[in-house]
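Visitor: One-letter residues, chain by chain:
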Amino acid sequence: MSSQDIPEENLPSTQDAHGGAVTKTAGDPFADPGLPPHEPRIQDVDERAAQRSERVVAFLFLLSMLATVGFIASYVSLPVDKSIYVFPIGHISALNFALGMTLAVALFCIGAGAVHWARTLMSDVEVADERHAIAAEPDVKAKVMADFKQGAEESAFGRRKLIRNTMFGALALVPLSGVMLLRDLGPLPGTKLRKTAWSEGKMLINQNTLQPLRPEDIQVGSLTFAMPEGMKEEDHDFQQEIAKAALMIIRLQPENIKDKRELDWSADGIVAFSKICTHVGCPISLYEQQTHHVLCPCHQSTFDLSDGGRVIFGPAGHALPQLRIKVNDKGYLEAMGDFAEPVGPAYWERG
Amino acid sequence: MSTTTTNQSGAGAPGRRKAPAGERVADWADGRLGIYSLAKANMRKIFPDHWSFMLGEVCLYSFVIIILTGVYLTLFFHPSMNEVVYHGSYVPMQGMHMSEAFKSTLDISFDVRGGLLIRQIHHWAALIFLAGMFVHMMRVFFTGAFRKPREVNWLFGFLLFVLGMFTGFTGYSLPDDLLSGTGVRFMEGAILSVPIIGTYISMFLFGGEFPGSDFVPRFFSIHVLLLPGIMLGLLVAHLILVIYHKHTQFPGPGRTNKNVVGLPLMPVYMAKAGGFFFLVFGIIAAIAAIASINPIWAIGPYRPDQVSTGAQPDWYMGFAEGLIRVMPGWEINLWGHTLVLGVFIPLVIFPLVLGAIAVWPFIESWVTGDKREHHLLDRPRNAPTRTAFGAAWIAAYFVMLVGGGNDLWATHFHLSINAITWFVRIGFFVIPVLTFIATRRICMGLQRRDKDKVLHGRESGIIKRLPHGEFVEVHEPLSQEQLHTLTAHQQPQPLELEPEYDENGVARKAGAGQRLKVKLSKGFYGEGTQIPKATREEYEEITSGHGHH
Numbered sequence: 518m519s520s521q522d523i524p525e526e527n528l529p530s531t532q533d534a535h536g537g538a539v540t541k542t543a544g545d546p547f548a549d550p551g552l553p554p555h556e557p558r559i560q561d562v563d564e565r566a567a568q569r570s571e572r573v574v575a576f577l578f579l580l581s582m583l584a585t586v587g588f589i590a591s592y593v594s595l596p597v598d599k600s601i602y603v604f605p606i607g608h609i610s611a612l613n614f615a616l617g618m619t620l621a622v623a624l625f626c627i628g629a630g631a632v633h634w635a636r637t638l639m640s641d642v643e644v645a646d647e648r649h650a651i652a653a654e655p656d657v658k659a660k661v662m663a664d665f666k667q668g669a670e671e672s673a674f675g676r677r678k679l680i681r682n683t684m685f686g687a688l689a690l691v692p693l694s695g696v697m698l699l700r701d702l703g704p705l706p707g708t709k710l711r712k713t714a715w716s717e718g719k720m721l722i723n724q725n726t727l728q729p730l731r732p733e734d735i736q737v738g739s740l741t742f743a744m745p746e747g748m749k750e751e752d753h754d755f756q757q758e759i760a761k762a763a764l765m766i767i768r769l770q771p772e773n774i775k776d777k778r779e780l781d782w783s784a785d786g787i788v789a790f791s792k793i794c795t796h797v798g799c800p801i802s803l804y805e806q807q808t809h810h811v812l813c814p815c816h817q818s819t820f821d822l823s824d825g826g827r828v829i830f831g832p833a834g835h836a837l838p839q840l841r842i843k844v845n846d847k848g849y850l851e852a853m854g855d856f857a858e859p860v861g862p863a864y865w866e867r868g
Numbered sequence: 252m253s254t255t256t257t258n259q260s261g262a263g264a265p266g267r268r269k270a271p272a273g274e275r276v277a278d279w280a281d282g283r284l285g286i287y288s289l290a291k292a293n294m295r296k297i298f299p300d301h302w303s304f305m306l307g308e309v310c311l312y313s314f315v316i317i318i319l320t321g322v323y324l325t326l327f328f329h330p331s332m333n334e335v336v337y338h339g340s341y342v343p344m345q346g347m348h349m350s351e352a353f354k355s356t357l358d359i360s361f362d363v364r365g366g367l368l369i370r371q372i373h374h375w376a377a378l379i380f381l382a383g384m385f386v387h388m389m390r391v392f393f394t395g396a397f398r399k400p401r402e403v404n405w406l407f408g409f410l411l412f413v414l415g416m417f418t419g420f421t422g423y424s425l426p427d428d429l430l431s432g433t434g435v436r437f438m439e440g441a442i443l444s445v446p447i448i449g450t451y452i453s454m455f456l457f458g459g460e461f462p463g464s465d466f467v468p469r470f471f472s473i474h475v476l477l478l479p480g481i482m483l484g485l486l487v488a489h490l491i492l493v494i495y496h497k498h499t500q501f502p503g504p505g506r507t508n509k510n511v512v513g514l515p516l517m518p519v520y521m522a523k524a525g526g527f528f529f530l531v532f533g534i535i536a537a538i539a540a541i542a543s544i545n546p547i548w549a550i551g552p553y554r555p556d557q558v559s560t561g562a563q564p565d566w567y568m569g570f571a572e573g574l575i576r577v578m579p580g581w582e583i584n585l586w587g588h589t590l591v592l593g594v595f596i597p598l599v600i601f602p603l604v605l606g607a608i609a610v611w612p613f614i615e616s617w618v619t620g621d622k623r624e625h626h627l628l629d630r631p632r633n634a635p636t637r638t639a640f641g642a643a644w645i646a647a648y649f650v651m652l653v654g655g656g657n658d659l660w661a662t663h664f665h666l667s668i669n670a671i672t673w674f675v676r677i678g679f680f681v682i683p684v685l686t687f688i689a690t691r692r693i694c695m696g697l698q699r700r701d702k703d704k705v706l707h708g709r710e711s712g713i714i715k716r717l718p719h720g721e722f723v724e725v726h727e728p729l730s731q732e733q734l735h736t737l738t739a740h741q742q743p744q745p746l747e748l749e750p751e752y753d754e755n756g757v758a759r760k761a762g763a764g765q766r767l768k769v770k771l772s773k774g775f776y777g778e779g780t781q782i783p784k785a786t787r788e789e790y791e792e793i794t795s796g797h798g799h800h
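The listed protein sequences derive, respectively, from chains A and B. Take our numbering: the final residue in the first sequence is number 868, and no numbers are missing along the way. Take our numbering: the final residue in the second sequence is number 800, and no numbers are missing along the way.
For the record, the hints were derived by calculation from the structure and aren't laboratory data. Heads up, a few of these hints could be off.
[Said to hold, decoys possible] Simulated crosslink set (EDC-like; lysine to aspartate or glutamate; CA at most 16 angstroms straight-line):
1) 768(B) x 747(B)
2) 497(B) x 717(A)
3) 704(B) x 727(B)
4) 296(B) x 717(A)
5) 291(B) x 643(A)
6) 497(B) x 647(A)
7) 843(A) x 717(A)
8) 291(B) x 281(B)
9) 509(B) x 717(A)
10) 709(A) x 792(B)
11) 599(A) x 362(B)
12) 296(B) x 598(A)
13) 296(B) x 646(A)
14) 509(B) x 647(A)
15) 749(A) x 334(B)
16) 760(B) x 749(B)
17) 712(A) x 460(B)
Owing to the predicted nature of the structure, the values given are computational and were not obtained by experimental measurement.
With the hints as constraints, model all of the structure from the sequences given.
Guide: Spelled out as structure tokens, the structure:
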């Protein structure tokens, strides 16, 4: 398409410049010159260009129809579990890919067609609309104020104070019923957060093998997870009990244990700490063998398990609680009681 | 009626001939709904054109997409925490214990044809919705579109952003997978830190101890009913106000504070905005077709004693995540009680930082004392203090996003996590200040550039050699349109305290509020905060003088 093809009388120079009431304000060089004259597009002056635009729009709408047919065809023909390789994404679900792409094309082409139609064929002559002040005119305001005053007077709201005060009282009290109804959303905290499933004599059960742990099962440098004897994954309260009782066990050389109480509470150099981070309760799962540090992967609180579970880095506020353990007469590890302090995140009543 | 088909061609003819069917339907509706008055006011309503005005549309359309796909998902999702053993079609998880919520999400992903696509569209659209609101909010902020009369609409938008964050959080927690469960645990830990009532809120929210068996159905009601219901109401109010106030526009020739220049709703914006809905939907569908999101089958069902490394919330919660990660673990134990400052302070800072941007319009109008309506937008450079504040706010936000991903930064860039954490701790206070100073200087530089352009014209790139051998660049004078555009903005002047004694010598002490206001006003608009724009006299002196280009 070149401009030579355009009939002479359609060229912009021969047309009226509409819209642009160009007011030359003498004097002020910064004055608003008014809306600039409309610059015609090729479609405004050349019917063949306009027809080309029309065909592009129609083509896009047609493509959308075809894509919808493709969507239905994919839906009925592709098995839901078929996997295909698409470069460079890799192996993906064929159905998801086909449905998604056909839907995308069907939708996108409608949008592209409509926008192209608007941009090339609909008038692009800019129009100015007047704005009106948001605030009301003074006479409107005066009328409203007078109406309000009259209404208030007729209600006797200001005069009969007894009605007003009792009404406020009633309205203030009635939501209390709603607040009361929320009471049974849950139980009161009581001492629930202080207790876990551990108690004296409960054996430490390996979470992977579900067998009771013996001291010789635990190697120096390994991290073992344990739960109390008697807990089963099928139990309805398993999730909330394991959320507090989860335990991690490591073996240290007794001479490497820096904290005296930790040494007292260990058995053959085996120490058991709560797995629940004292920051906001994520399970701690990363263990550094050389330093005996454990790291919580959520917020990177780091604890030294050879020094009473002390916090050495990160946002946690206090040491990991230790579980006092011993080797029982059958040679298994068992707890000598519950944790001495609440496990997990700190809270107001923790003390 | 049989007669109507015969006189289709007789539209507009007098007498017994009937109007076309469409008109009769419209007449029927008008007699009951008054649609003609509505259409008179709005059918040819003018909207100004600028690419940045589309950002809000992206939010609107992604919200519609979220509602549509969300309704579909509720048809298949079971919001229940009952434990079941999986025997479905995803082989690697067969025999695993999981909640019904998790199982039904697996079923949606693997057994319902198109279920995975709708799930992914829903989640991608949510991310785009939040990102769109963030960028839209920044557009409104940096151009000053929040000024009178639009302050209330700014607050509606801000509320939509905050509620969107919580709707997103409750939504991605529903599948009860290991990643989102860890996020819920984090929320529970944060709630526990609240002094006095923390444990009570936690017990009431979870129906007992964490995780209990109530939170998925409760989050479900909040996610599909409560929050979207409020958001829908706010959204409608937001749009009604946009229509009522008429859209803002950038200054330019013919564009004043009293008019709005653009193209009419019908047909141009019906086609453009309507089409844009399909464009947004199409692009999100394409993303959902090729990019998996929240692959819960790779994450596994939630167990409170298990966790994966690299756990991250969705991006819009990353800022809160950063606060909680970098805060030192302060705990105060007194009189048998614990004040968990290490968690509670981030919990308080989170709404404070968000709120700082929300209240800015009110601070600005108080400091300027400007009570006029503003429908012409500011270019960000022409409001240096506001722009600098916004940039500082974004800087604080992004520093905290870095903090929220400190583990990923550490592993991807081989940095020490301790170093990153300390960088964020210090950076949260220092970087916004540096950003503020730098942004304000950049704005003033740009103002100087504008003034230069107005007074000396545009650099044409043509080099001229003068007779005595000197090379100069030819500057072309700007058109009157450009001159007007570059000088149309107003420059607020700092307030002054009234003299301590009035003309009669009577002491008149300004109150503390007034003194603060004047001080702030001097900080906002006083010396060194803006370049006085070119005046007519300067322009005329230079253009008449010639000679020194």
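Visitor: Now look at each hint and say whether the structure bears it out.
Guide: Against the structure, the hints come out as follows:
1. 768(B) x 747(B): Holds. Residue 768(B) to residue 747(B) sits at ~10 angstroms (cutoff 16 angstroms).
2. 497(B) x 717(A): At roughly 73 angstroms apart (the allowed maximum being 16 angstroms), residue 717(A) and residue 497(B) break the hint.
3. 704(B) x 727(B): holds, 9 angstroms
4. 296(B) x 717(A): Between residue 296(B) and residue 717(A) the Cα gap is close to 78 angstroms, so the pair fails against 16 angstroms, i.e. violated.
5. 291(B) x 643(A): violated, 19 angstroms
6. 497(B) x 647(A): holds, 10 angstroms
7. 843(A) x 717(A): OK: residue 843(A) and residue 717(A) at ~10 angstroms, within 16 angstroms.
8. 291(B) x 281(B): This hinted pair holds, its Cα atoms lying about 12 angstroms apart.
9. 509(B) x 717(A): Distance of about 81 angstroms is beyond 16 angstroms: violated.
10. 709(A) x 792(B): Roughly 83 angstroms between the alpha carbons, so the hint for residue 709(A) and residue 792(B) is violated.
11. 599(A) x 362(B): OK: residue 599(A) and residue 362(B) at ~12 angstroms, within 16 angstroms.
12. 296(B) x 598(A): Between residue 296(B) and residue 598(A) the Cα gap is close to 50 angstroms, so the pair fails against 16 angstroms, i.e. violated.
13. 296(B) x 646(A): holds, 8 angstroms
14. 509(B) x 647(A): holds, 6 angstroms
15. 749(A) x 334(B): Distance of about 13 angstroms is within 16 angstroms: holds.
16. 760(B) x 749(B): Distance ~9 angstroms between residue 760(B) and residue 749(B) Cα, so the pair holds.
17. 712(A) x 460(B): Holds, at roughly 11 angstroms.
Hints 2, 4, 5, 9, 10, 12 from the earlier list are contradicted by this structure; the remaining hints agree with it.
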